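Trainee: For chain A, the structure is supplied; the task is to place chain B on it using the hints.
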Amino acid sequence: MWQIIHKMGSPPWFYRFAGTVLRWALPIVLLLLVVGAVWGLLFAPPDFRQGNSYRIIFIHVPASVVALAGYYVMAFAGAVSLIWKIKMADTAMRAVAPVGAALTFIALVTGAVWGKPTWGTWWVWDARITSMLILFFLYVGVMALFEAYENKAAAAKACAVLSLVGTVNIPIIYKSVDWWYSLHQPASIKFSGASAIDSSMLYPLLLMIVAFYGLFACCVMLNMRAELLDTHRGASWLQRALLERD
Amino acid sequence: MAFESLQAAWQMAGHGPYVWGAYGLTAVVLIALVWMPIARARTVSRQILAEHRRAQSARPASVSSEVSDAS
Numbered sequence: 427m428w429q430i431i432h433k434m435g436s437p438p439w440f441y442r443f444a445g446t447v448l449r450w451a452l453p454i455v456l457l458l459l460v461v462g463a464v465w466g467l468l469f470a471p472p473d474f475r476q477g478n479s480y481r482i483i484f485i486h487v488p489a490s491v492v493a494l495a496g497y498y499v500m501a502f503a504g505a506v507s508l509i510w511k512i513k514m515a516d517t518a519m520r521a522v523a524p525v526g527a528a529l530t531f532i533a534l535v536t537g538a539v540w541g542k543p544t545w546g547t548w549w550v551w552d553a554r555i556t557s558m559l560i561l562f563f564l565y566v567g568v569m570a571l572f573e574a575y576e577n578k579a580a581a582a583k584a585c586a587v588l589s590l591v592g593t594v595n596i597p598i599i600y601k602s603v604d605w606w607y608s609l610h611q612p613a614s615i616k617f618s619g620a621s622a623i624d625s626s627m628l629y630p631l632l633l634m635i636v637a638f639y640g641l642f643a644c645c646v647m648l649n650m651r652a653e654l655l656d657t658h659r660g661a662s663w664l665q666r667a668l669l670e671r672d
Numbered sequence: 021m022a023f024e025s026l027q028a029a030w031q032m033a034g035h036g037p038y039v040w041g042a043y044g045l046t047a048v049v050l051i052a053l054v055w056m057p058i059a060r061a062r063t064v065s066r067q068i069l070a071e072h073r074r075a076q077s078a079r080p081a082s083v084s085s086e087v088s089d090a091s
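Listed in order, the protein sequences are those of chains A and B. Just so we're on the same page, our numbering is the position in the first sequence counted from 1, plus 426. Just so we're on the same page, our numbering is the position in the second sequence counted from 1, plus 20.
Next up, chain A with everything else stripped away, as it sits in the complex:
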């Protein structure tokens, strides 16, 4: 276990490892996404109260769940980068930010599109939605902050601090539907006890959540590989890896 963690910090090892994983993982994840989307769109039964608009949850819920979990990944990588000064950790931190921002964006937009026919409004300044918007700004903030610095070591440090401070927001998002009176409905899936959702809707939803987690991992690895290529242009291991592939 420690050996793997140790190897993770090595760019040549990670570059090859991620390349091997992506070769089979990316097609599988894309297939799962298509299957889940078709299932949710055409084969899951309509909701007895919301009709067909609820079908948006098959993308809204997975995108939100993974956007939140992704923030922990980014903050954890930020902490590792701050404490142990491991270069790969801030590569990972920065690789998560655009993926998290895109997923948060999807969560917000699909939520708005679902809200129009269901609540009768695109947007409300509700606790859940507002804290989610803050999450979006945190992701974008980490991306922008890195670009704002000339000195990349200082940039990575500032980004790590920002992502760590931002973790305060995550439990607020989770708990917002319980703490405040909210238009947003509370979670239908529970780890303990019966879920308030029928299995004909639950299975495609779980499939989509798994697929979105997979997509998140793939996108982070793709971003890290692209970043490694860019920053190690002159390295002999990279030339060897590229020549072998051709």
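A few of these clues could be false.
Okay, derived cross-link-like pairs now, SDA-like style, lysine to any residue, Cα gap no bigger than 25 Å in a straight line [said to hold, decoys possible]:
#1 A:542 with A:606
#2 A:513 with B:67
#3 A:542 with B:28
#4 A:513 with B:63
#5 A:433 with A:506
#6 A:513 with B:59
#7 A:542 with B:40
#8 A:601 with A:560
Everything labelled a hint here was simulated from the structure, so no lab data went into it. Every value quoted in this text rests on a predicted model; they were computed, and no experiment measured them.
Mentor: Only chain B this time, still in chain A's reference frame:
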């Protein structure tokens, strides 16, 4: 299928534009998210390989004289 026809699936009893719109937008964002790092990696690896080839073709001259190797 939960719908009687493709026409019904497209309209979704009035919710069609919302549902299909949300899925369409999500597809566009996700495709861009996967595509962008792949395109970036492709561009950079082409540059690296081109640089490598240039170094390779320059090598025979530098092997014959040590002076040009130092330059």
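Trainee: Next step is simple, just say for each hint if it's right about the structure.
Mentor: A quick look at each hint next to the structure:
1. A:542 with A:606: 21 Å, holds
2. A:513 with B:67: Holds, because 24 Å separates the two Cα atoms, which is no more than 25 Å.
3. A:542 with B:28: 20 Å, holds
4. A:513 with B:63: 23 Å, holds
5. A:433 with A:506: Holds, because 15 Å separates the two Cα atoms, which is no more than 25 Å.
6. A:513 with B:59: The hint holds at about 24 Å.
7. A:542 with B:40: Roughly 14 Å separates the two Cα atoms, so the pair holds.
8. A:601 with A:560: Satisfied, since the Cα-Cα distance of roughly 15 Å is no more than 25 Å.
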